[in-house]
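Both chains come to you apart, so use the hints to assemble them.
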Amino acid sequence: MSLSYVRTIDAPKLPAPTTTAGTWAKLRERFAPTPLSGLGTLVIAVFLAWAIWSIFQWAIIDAVWTAPDREPCNAPGAGACWPFVQAKALQWVYGFYPIELRWRPNIVFLLGGLSLAGLLIPKIPFKGWNALFFFLAFPIIAYVLLTGGRFGLEEVGTEQWGGLLVTLIVAITGIVASLPLGILLALGRRSKMPVVRTLCTGFIEIVRGVPLITVLFMASVMFPLFMPPGINPDKLLKALVGVGLFSAAYMAEVVRGGLQAIPKGQYEASMAVGLSYWRMMLLVVMPQALKVVIPGIVNSFISLFKDTSLVSIIGIFDLFNIVQSGFNDAKWASAQTGNTGYFALALIYWVFCFSMSRYSQFIERRLNTSYTR
Amino acid sequence: MTESAVVMKSVNKWYGQFHVLRDINLDVKKGERIVICGPSGSGKSTMIRCINRLEEHQQGDIIVDGIPLTTNVKNIDDVRREVGMVFQHFNLFPHLTVLENCTLAPMWVRKEPKAQAEETAMKFLKRVKIPEQALKYPGQLSGGQQQRVAIARALCMNPKIMLFDEPTSALDPEMIKEVLDVMVDLAQGGMTMLCVTHEMAFARQVANRVIFMDQGQIVEQNEPNEFFLNPQSPRTKLFLEQILH
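These protein sequence lines map, in sequence, to chains A and B.
Numbering-wise, the first sequence is residues 1 to 373 according to this note's numbering.
Numbering-wise, the second sequence is residues 1001 to 1245 according to this note's numbering.
Excised from the complex, chain B in its bound form (with noise of 0.2 Å):
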């Protein structure tokens, strides 16, 4: 049996009276792509955010690459460590350049020397096809190369998880295509992959499993062709239905 890189039992959450995650348990194997849907206010950014504790659970356990996430401050640094995270509204650093962006955090968390951090941020930025923007400012870009960028940002930590939060959400139509490329690139490189996302090509190229989630709950999961082809939740059904015309 291959390792967990993720493991969530039991997980419940409330923002003040409302449930927002009820009993979530998941286990994502080391490599594993998983593609969450589901309808919004589902509680799908919630759940990958409780991963590297944007978010605080308040029931039951979270293992990350084999630490527990608690309210232990050295434990959230070394997860956070371990898991990249993508944004829907990018989140670059306007103040700073693309290439300040991708070696910020190497340079002052993992003390990299700053020559190092740049040829490591050099050759993610080449990896996202945009190593000549390095030296501009993230608001001179446009949105689907700022989102290759802040993929590139999340790689220089070398993480060996990667979070998406609906990254292709805020794009213009005719950019989505460039930021689906780059994670398809790194779903093949074996990359352990949890995205929130509604681009269903990409679930059924990539995933090797689909979650459906609504309410709260994790109502079905399964391989892409089963789930898109012969979904068993009523809900499911209702909700690919609406999405797929």
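Pulled out of the complex, with its shape left as it was, chain A reads as follows (with noise of 0.2 Å):
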């Protein structure tokens, strides 16, 4: 037998195989390759099936829908007390603000919520405008609206903000300012002056030891103890510095672990054109290491806008409290008024985190399309 051959004619190139054709074994494949696998689909099923009807059954059918009171709601086998949630709404939204001051939360509403979707949304242009306007001028003017006794403005206590105004006010200050803390932080630790890299470890590692529960406290009750007589910061800002400071701690630890993820080839080319350590940083590490951790980082995100209803510990009312102080509501205390309460709360974070997480994805596709080929 020869060992020498030559391909005269080109071997054809055919389609794909279809391993399995038509609808029932594409189905089959799927739910019930094998008997056992089968038996599961199917209990799997049967408990979603009853799950999902008893929510639905509770939540529609035998719900409340009307209702000057809480009678209704009392009636044996009633299910959602939906008119509880009607009565109380703006409340949930406003939290105690003056009823008739509420165009000016109003107003931050909707400045904010516009120029936020500016940002977020990739092709509506002036973007750095917009980022101008919503880091830097936008929390000027919430905070002078908000507050007021300022250019005729009366003046709002704290005290009286609550509900979705305040979580919304806490969880954005906490993430606007957990990023950039989180990445110094991030930079500090991997340092090679061993100062600001002590410096930086130590805050991390003693903060993320902590609860937040008992950040919130100390700072609500023994920080006045440290400072002079007469000195005691407003509730809400603590909170504030509390979360941000917080969830700074934990965002460092996702941007470290992007940072591991850049080889070392980009420092040193970055270093060979002649870039400055911040330059090196701003344009060619962070945008890297940010992208490779954005799952982290909305994971961070949205574990801080959940964490806000722990300010309810301190006496804010924000969303979670609020909701939570109407149920001793005489007019509305019935059987049913907790559970739906609580059910629409969740349903409420619920939307804002999968909002988060839906966005995350987008923005994950979006900036993939670079590397792959």
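Honestly, the hints are just simulated from the structure, not real lab data.
There could be a bad hint or two in this list.
Which residues of chain B face chain A? A partial, calculated answer using Cβ under 10 Å [to be verified]:
(1) L1054
(2) Q1058
(3) I1076
(4) G1084
(5) F1087
(6) A1105
(7) P1113
(8) K1114
(9) A1201
(10) R1204
Here are the simulated DSSO-like pairs of lysine-lysine, each with C-alpha atoms no more than 30 Å apart in a straight line [said to hold, decoys possible]:
(11) K291(A) - K123(A)
(12) K1177(B) - K1237(B)
(13) K291(A) - K1177(B)
(14) K1029(B) - K1114(B)
(15) K127(A) - K1136(B)
(16) K123(A) - K1136(B)
(17) K1237(B) - K264(A)
(18) K192(A) - K1136(B)
(19) K1136(B) - K264(A)
(20) K127(A) - K1177(B)
(21) K1237(B) - K123(A)
(22) K1111(B) - K264(A)
(23) K264(A) - K1074(B)
Ideal placement from N, C-alpha and C gives every residue a C-beta, glycine not left out.
Printed below as a string of structure tokens:
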């Protein structure tokens, strides 16, 4: 037999074979490839059907839709007590902010919502100006409008703020403060300078080792003890600082994870073309590192958003606290009031967190194009 | 006598207890093309990485284009502006397009306006024969193309000296030539070059001098023909036998 061989005709290029044909085969492949996994599918399907039906029955079929007070909700077999939510909705949004002054938070919501949408939607132009407005002008405008006491605006103390307004203030302040602080802490922890490194590592490890509730308690109860008499910063301000520093420590570790994913060659190439440390970080390292850890960053944002409910422990009426305090209203206290309130509360938190999650996936896909061939 | 581009005087360096560079003395004239070879771990890369301070030497003097390399940050910055470097693994910035890779340093280090930086970048991308890839990302290019972009990126800073650290070692065989062609072109243009490479044909074609290193020392140096035909040191002979088969 000869070893010599020369191909004279190219082998035909064929379409890939379809492993299993037909809808039925595909369904089977997906849901019941073996009898045992088919049984598993069945068990899960029955459980899901039961769970969804129960919630549906409680929230829709048996629910009380209109009522002047708690009476119908107290009837045996009554489901969700939606009139309670309706009656309290505005309080959930504004807290105890004076009713005739609600236009002020409304303007803040509107400006914040518009400029945030402008920042988040890629197609909208003027990103630079928009960022400048959102991060510099908007906080000042919001502060002046909400607190008042200037330009003939009536003063409204932060103890009157509440509901979603406060939750959003704490969450957005925390998010906006924690990312840059976290980046600086992460860089500090990897610094060659021993003092900087020790300070940053110490801060991160101490804050991470303490529950947020403790941090909030310390900020609101212990902090004033160390201050000269007469100086007692605002309760909400202390909570903001506490939440911001707390989440910065977590963010620092997320960002550090991203920094470790960047190959040494990127640093060397940056230095070789003459970039200084800060330019290298800003232009080469951070854009790549932050992209790697988008899931981790958003994870931190989401848990921060939900952790804002802990400020209720130091007597701030955020969304969680204000919903809960409504349960004691004699007009509405019924067997279903609590269930309905918590259900609605969970739904509100979920909408915000799920939006963040979806948006981050959108951004990941958008940024991912550059790496693939 | 022509001026020196790089002078190394009694340079020593240790990694912990390991003596990685031992009494290195080297004087590279302007316009000279030097090829450095030697077994792996012989300190070739470390030596050329000391020239732009990616590695710090502990004893001796290194003077690049008249600027002494000390802990003085300004001197280090000045040297890095004069010295371009090409790495084994390209080290392009994957989040930036080819064009942005080339304009980043000119715009941020030399403060060139964007239009001017892009014009220069396109000039060098044409020189390495890939202007049509300017708007792609590095991940979309082949290894040979990426390395040519890396050369263009270094050239955009108008360096007086170019360092090549095994520029073809990570390439598939069929892509080596396109990179070497660019390097030959650069050599013929009069650039001062220090190349760590095992491409001996390249060494014969363009080098003024071939340096053989082993165990952290310069063991032998000579002009290429003499070096290959008539090696003196037994270590050089052994090495050449092994790589030239």
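Verification of the hints:
1. L1054: Holds - the Cβ of L1054(B) comes within 10 Å of chain A, reaching about 5 Å at its closest.
2. Q1058: With a closest approach of 17 Å, the Q1058(B) hint is violated.
3. I1076: Constraint on I1076(B) satisfied, holds at 9 Å.
4. G1084: holds, 7 Å
5. F1087: holds, 6 Å
6. A1105: Interface hint status for A1105(B): holds (4 Å vs cutoff 10 Å).
7. P1113: Nearest chain A Cβ about 17 Å off; hint violated.
8. K1114: With a minimum Cβ separation of about 14 Å from chain A (threshold 10 Å), the hint on K1114(B) is violated.
9. A1201: violated, 27 Å
10. R1204: violated, 28 Å
11. K291(A) - K123(A): holds, 20 Å
12. K1177(B) - K1237(B): Judged against 30 Å, a Cα distance of about 26 Å means the pair holds.
13. K291(A) - K1177(B): violated, 35 Å
14. K1029(B) - K1114(B): Since the Cα atoms of K1029(B) and K1114(B) sit roughly 34 Å apart, the hinted pair is violated (cutoff 30 Å).
15. K127(A) - K1136(B): Holds, because 24 Å separates the two Cα atoms, which is no more than 30 Å.
16. K123(A) - K1136(B): holds, 21 Å
17. K1237(B) - K264(A): violated, 35 Å
18. K192(A) - K1136(B): Violated - the C-alpha atoms of K1136(B) and K192(A) are around 36 Å apart, more than 30 Å.
19. K1136(B) - K264(A): Cα-Cα ~23 Å, so holds.
20. K127(A) - K1177(B): Distance ~45 Å between K127(A) and K1177(B) Cα, so the pair is violated.
21. K1237(B) - K123(A): Not OK: K1237(B) and K123(A) at ~65 Å, beyond 30 Å, violated.
22. K1111(B) - K264(A): With a Cα-Cα distance of about 26 Å, the restraint between K1111(B) and K264(A) holds, given a limit of 30 Å.
23. K264(A) - K1074(B): holds, 23 Å
When each numbered hint is compared with the structure, violations occur for hints 2, 7, 8, 9, 10, 13, 14, 17, 18, 20, 21.
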